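A.B. asks: Chain order of the listed sequences is X and L. Going by this note's numbering, the letters in the first sequence line up with residues 1 to 272, in that order. Going by this note's numbering, the letters in the second sequence line up with residues 273 to 537, in that order.
Please keep in mind that the hints were generated in silico from the structure rather than gathered at the bench. Note that this is a predicted model, so its numbers are computed, not measured. Among these hints, one or two may not hold up.
[To be verified] So, partial list: chain X residues that the calculated Cβ filter (under 7 Å) puts toward chain L:
no., residue
1, Leu14
2, Ala88
3, Gly91
4, Met111
5, Asn113
6, Leu204
7, Asp207
8, Ile228
Idealized CB from N, CA, C, for every residue including glycine.
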Amino acid sequence: MKNKLRRIFADGYLGLVLALMYLPIFLIIVFSFSGTSNFSFKNGFTLDSYASLFSDSNQAESLLSALKYTLILAVSASVISTVIGTFATIGIYYLGRKIKKITLTVNQLPMINSEVVMAVSLMVFFGAFSFIFPQGMTRLIISHVAFCTPYVVLSILPRLQKMDPNMYEAALDLGSSPLSAIFKVVIPFLTPGIVSGFAMAFTLSLDDFIITQFNKGDTGIETLSTYIYEDARVKSLEPFWFAVFSIFFVVMLTFLLLINIKKNGKKETVKQ
Amino acid sequence: MTKLKFRFSRKAFAYPYMIFLLLFVVVPLVIVLINAFLGDDGKLTFANFAEFFSDKGGGLTVLGNSLIIGFVTTLICLVIGYPCAYFLAKYHASNKVLVLLFILPMWVNFLIRTLSTKAIFMALDVKLGMGTVMFGMVYNYLPYMILPLHTTLVSIDHSYIEAAEDLGADRFTVLWKTVLPLSVPGIVSGITMTFIPAISTFAISEILSSSKIFLFGDAINMHFSKTTNSFGVGSVMSLVMLFMVIIANVLVSLTEKKEEVKSSL
């Protein structure tokens, strides 16, 4: 009986925290159907907010362009950092003890460092070498690769440590060249780590605000984050943004839930 | 002989990334360091340090305020988050989806979440200020506290708890003397994951206080904006921030080392 009460208290507490965490998200979604921005249904149920996404207003146009840049940036940054990260991890694994430790420590810097400091340092760096790094996408892609790759490396490294080194040697003994042994034996074995590293890099790049804000320069490139910041910060939140945020919440939450549930499901079948 | 050659070729895969790290992580930080010692005229000087540490531009005051706000935010997150992580580990360790629900908000853009809370506060006629900033910070950083806490709490060997119970400890003694000390690494890493972003963030305080409350991240941002253009002082502030990051991580690795020693015994 006492245990049951404790359990009810625990679940009640968890439920309360969860409810508070999701309340703002829930309210935004509900009132995205009101067509107002003051959280009332005085116009009744309407899809006006969503319709405004497809009007040919400046806002809708800017949003579309921001979405385009966000995706281009996220795809290129995550592909590049996955490729660099995969080979880097294989290389780092075989480095000498000391140099390996130094490399992994430097690799951790972008992860532990405060985002503002990283953003500022890259901005000053690009400014000092502006003749090599033109403003715009080049700078953004480089800076995104710089903060994403460490996560890729750290998601592949544990998998590599689990690999039986004899697998590589066996491939060589069977007449494979070192390079094809890497591509046909090592990399396929690392695939789960590579995939989760890629997903991580993609989400991180998609979500980034601070580093993009400092390094976008004045070429007019805006990503979703920076555009939201520029547009919605000063004005109060318009119905337009209610619709955008709702779509964002639903897409993002379903996407994340799905990959994670799939991942867990896979783990369990492996265990069985 | 041939084997040696293969070893070399595999190692070489790391070299491009090592150059990349050097170029885009180390060199930029070195440039910030150099900038901190350069005056407006491009000459070597300690004036930037003097300006920051004498609090002429109010930078030191902002740092003090940020440390206080960061401290309170972290404390609230710990007080709310620890029971969450504890109950999750105790009653729902196998329920991955529930645990995931507590972590997920971390991956939804913080600007969107912060602007949503602001809209709700405005609709409720809540005055924007310290209270709303605190709420926004806790709301944003709670998942970062729960995640490491949950990871450590779940991995605690249950036989320690049973042993404590067998030796006559009541529930609170078990929690206080067994679970809590064993979860110290999670607490430390949760504190770092909350405190460092909380003091250095910008935008959250700006949005939720209508630009009235100014934190260290906002201050760094301001020094590097085109209108102010005082890179020197901004660089000094970045170095101060970097210094705090390093201290926090040394603390984390110290507690982890201790644990390793303990578990290897």
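A.B. asks: Look at each hint and say if it fits the structure.
C.D. replies: To see whether the hints hold, each was checked on the structure:
| no. | hint | verdict |
| --- | --- | --- |
| 1 | Leu14 | holds, 6 Å |
| 2 | Ala88 | holds, 3 Å |
| 3 | Gly91 | holds, 3 Å |
| 4 | Met111 | violated, 10 Å |
| 5 | Asn113 | holds, 6 Å |
| 6 | Leu204 | violated, 9 Å |
| 7 | Asp207 | holds, 6 Å |
| 8 | Ile228 | holds, 5 Å |
The structure does not agree with the numbered hints 4 and 6 stated previously, though it agrees with the rest.
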